[in-house]
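In the order they appear, the protein sequences are chains A and B. Here this note's numbering is used: the first sequence runs in plain steps of one and ends on residue 1637. Here this note's numbering is used: the second sequence runs in plain steps of one and ends on residue 572.
Some hints could be false.
Stated by the list, open to error - With the C-beta cut set under 7 angstroms, the calculated list includes, among others, these residues of chain B facing chain A: (1) Phe396; (2) Ala403; (3) Val404; (4) Arg411; (5) Gly420; (6) Leu427; (7) Thr428; (8) Leu430; (9) Met435; (10) Asp442; (11) Phe457; (12) Ile516; (13) Ser518.
Said to hold, decoys possible - Which chain B residues stay away from chain A? Per the calculated CB distances, all over 12 angstroms, these: (14) Ser400; (15) Gly402; (16) Phe510; (17) Val539.
Hint data in this document are derived by calculation from the structure and do not stem from the laboratory. All figures in this text were calculated on a predicted structure; none of them were measured in a lab. Using N, Cα and C, we set each Cβ at its ideal position, and we do this for glycine too.
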Amino acid sequence: MQEFFQQLANGVAWGSIYALIALGYTMVYGILRLINFAHGDVYMVGAFAAYYLAGALGVGTVRDASPLLAVPVLLGAMLICALLGVLIELFAYRPVRRSSRLTALITAIGVSLFLENAGIRLFGADPKFFPQVITPRTITLGEGVMVTNHQITVVLVSVLLMVGLTLFVQRTRTGKAMRAVSFHRDAASLMGIPVDRIITITFAIGSALAAAAGFLVGLTNPKIEPLMGIMPGIKAFVAAVLGGIGSIPGAMIGGLLMGVSEYLVVGYISSTYRDAIAFVILILVLLVKPTGLLGRNVAEKV
Amino acid sequence: MKLLELEDLHVRYGAVHALKGISLSVEEGEIATLVGANGAGKSTTLRAISGLVRPSGGRIRFRGASLGAVRAHEIVRLGISHVPEGRIVFANLTVLENLEMGAYLRRDRGGVGADLKRLFQRFPRLEERRRQSAGTLSGGEQQMLAIGRALMARPTVLLMDEPSLGLAPILVREIFSVIREIRSQGTTIVLVEQNARMALATADVGYVLETGMVRMSDRARALLESPFVQAAYLGGAG
């Protein structure tokens, strides 16, 4: 039982990171019906942005410094990636928005390769060690289940961001406009909603959440490198599909389930199959419930 | 002065020449109706006015100014609202949120609140269901919501595309009485309808569209009595 709860705790922390990335996939898909395959790489850029920001601000060099110093690093990385997301939308996706879906998909793959190779060029191919912006500590919960303060931070920050996102989407004028645009772009523009600007905002928010995930992963798994976004990107995509792509709560649930199943596989089967579980889940979802757990059953729009 | 004027308007969808030179004009405070068969270009005409499709030629003037390069979401600000074909209420938003989206561009919170209150008085069903998602409404309720949503922008001109489509006869009569009410409050209406008889009986002027061109135009009453219109659009002797 202790083993189970230990893996559950690890899985929840790791799944929060998937959930944050999956949100970006699902939001962009909801609004553009586009799988933004560059999204995992935005997460990588987020990790590096945090790495360089921490270096520039000198955060993580002093032991037992206040963990609040990590806040500007997190926010800075989110801002940088929000900007990156806006640029990607503006220069890569907007020009092909009226083209076929296949064109957009190939563009997304192109952006992904571009970011990965630009990352290798700019940051170097060798892994870098993410600074300890929060001094690590281990906390023992009951029954000998141990978690680190990093894992707790991951979960807390993720929950905070997801609550914030939910309130934004449900309550604010812009959030409601996002939902309107995702339902029907033309009908939204007939309300006077500036559709292009709403799409830009969606990319900015999704990318900022990916950056937060990049920062958080740097805390718990401090080795970062330019290709680190590929596998988590795919898994978060699967998480979004599992939750029902286009659904925000679906992405959160899908991410958590993905993280937990991964760690249960590690704990009970073998860490060899850790990555395989994502694809098993993907195949099962596509076979059994292609709309995902919370997905709407929408007919393909012509 | 003419409030809305279309001059030799052309629209192409790829190889299809959907509008081949439509000219029409609408006076302030009147109801103009476009009638005609499927594919005659009625919806396309409305979509061109509200900026959803770019004309390939001709001119659209609103209060004398050209709408040529104005984008759809900016046209709403000028005072033209469009109730689209098939209603297209935001099914994933609540009834109230749909109406809020209608008032998206308005900053006068007090005025929006007052308009909402009046709308709910007129359509109590919508008030009862204001917290429900719009996708759960019946067809008639969705049409009322789509009209109410467009009115929340306080338009000068309301474009309505097939508001009676797919509704039971009693609801069709209700829709047409709503249309007359909206006009009586000073809003100009451009009405596209397949139900030519009801449309011509309600409107002031009528245009008969055929294959992207205006075949006939006259006072609506005169069209209603025209033997050609009766034979082609009103199912023979009425």
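Closest C-beta approach of Thr428 of chain B to chain A relative to 7 angstroms, hint status | violated (9 angstroms)
Should the hint that Ala403 of chain B touches chain A count as held when the rule is a Cβ pair under 7 angstroms?
-> Violated, about 15 angstroms.
Is the interface hint for Val404 of chain B satisfied, with its Cβ closer than 7 angstroms to some Cβ of chain A?
-> Interface hint status for Val404 of chain B: violated (12 angstroms vs cutoff 7 angstroms).
Evaluation of the interface hint that places Leu430 of chain B against chain A, nearest CB under 7 angstroms = Cβ of Leu430 of chain B sits 10 angstroms from chain A, so the hint is violated.
Closest CB of chain A to the CB of Phe510 of chain B still more than 12 angstroms away | holds (22 angstroms)
With 7 angstroms as the cut and Cβ atoms as the points, is Phe457 of chain B at the interface with chain A?
-> Cβ of Phe457 of chain B sits 18 angstroms from chain A, so the hint is violated.
Could you check that no beta carbon of chain A comes within 12 angstroms of the beta carbon of Gly402 of chain B?
-> At about 17 angstroms from chain A, Gly402 of chain B clears the 12 angstroms cut-off, so the statement holds.
Using Cβ atoms only, decide whether Ser518 of chain B comes closer than 7 angstroms to chain A, and label the hint accordingly.
-> Ser518 of chain B check fails; min Cβ-Cβ to chain A is 24 angstroms, beyond 7 angstroms.
Is the hint on Leu427 of chain B kept, meaning its closest Cβ partner in chain A is under 7 angstroms away?
-> Since the shortest Cβ distance to chain A is 6 angstroms, the answer is holds.
Report holds or violated for the interface hint on Ile516 of chain B, using the least CB-CB distance to chain A and a cut-off of 7 angstroms.
-> violated (17 angstroms)
Does Arg411 of chain B meet its interface restraint, that is, does its C-beta lie within less than 7 angstroms of any C-beta in chain A?
-> holds (6 angstroms)
For the hint on Met435 of chain B, does the least C-beta distance to chain A fall short of 7 angstroms?
-> holds (5 angstroms)
The structure is inconsistent with the numbered hints 1, 2, 3, 5, 7, 8, 10, 11, 12 and 13, although it conforms to all the rest.
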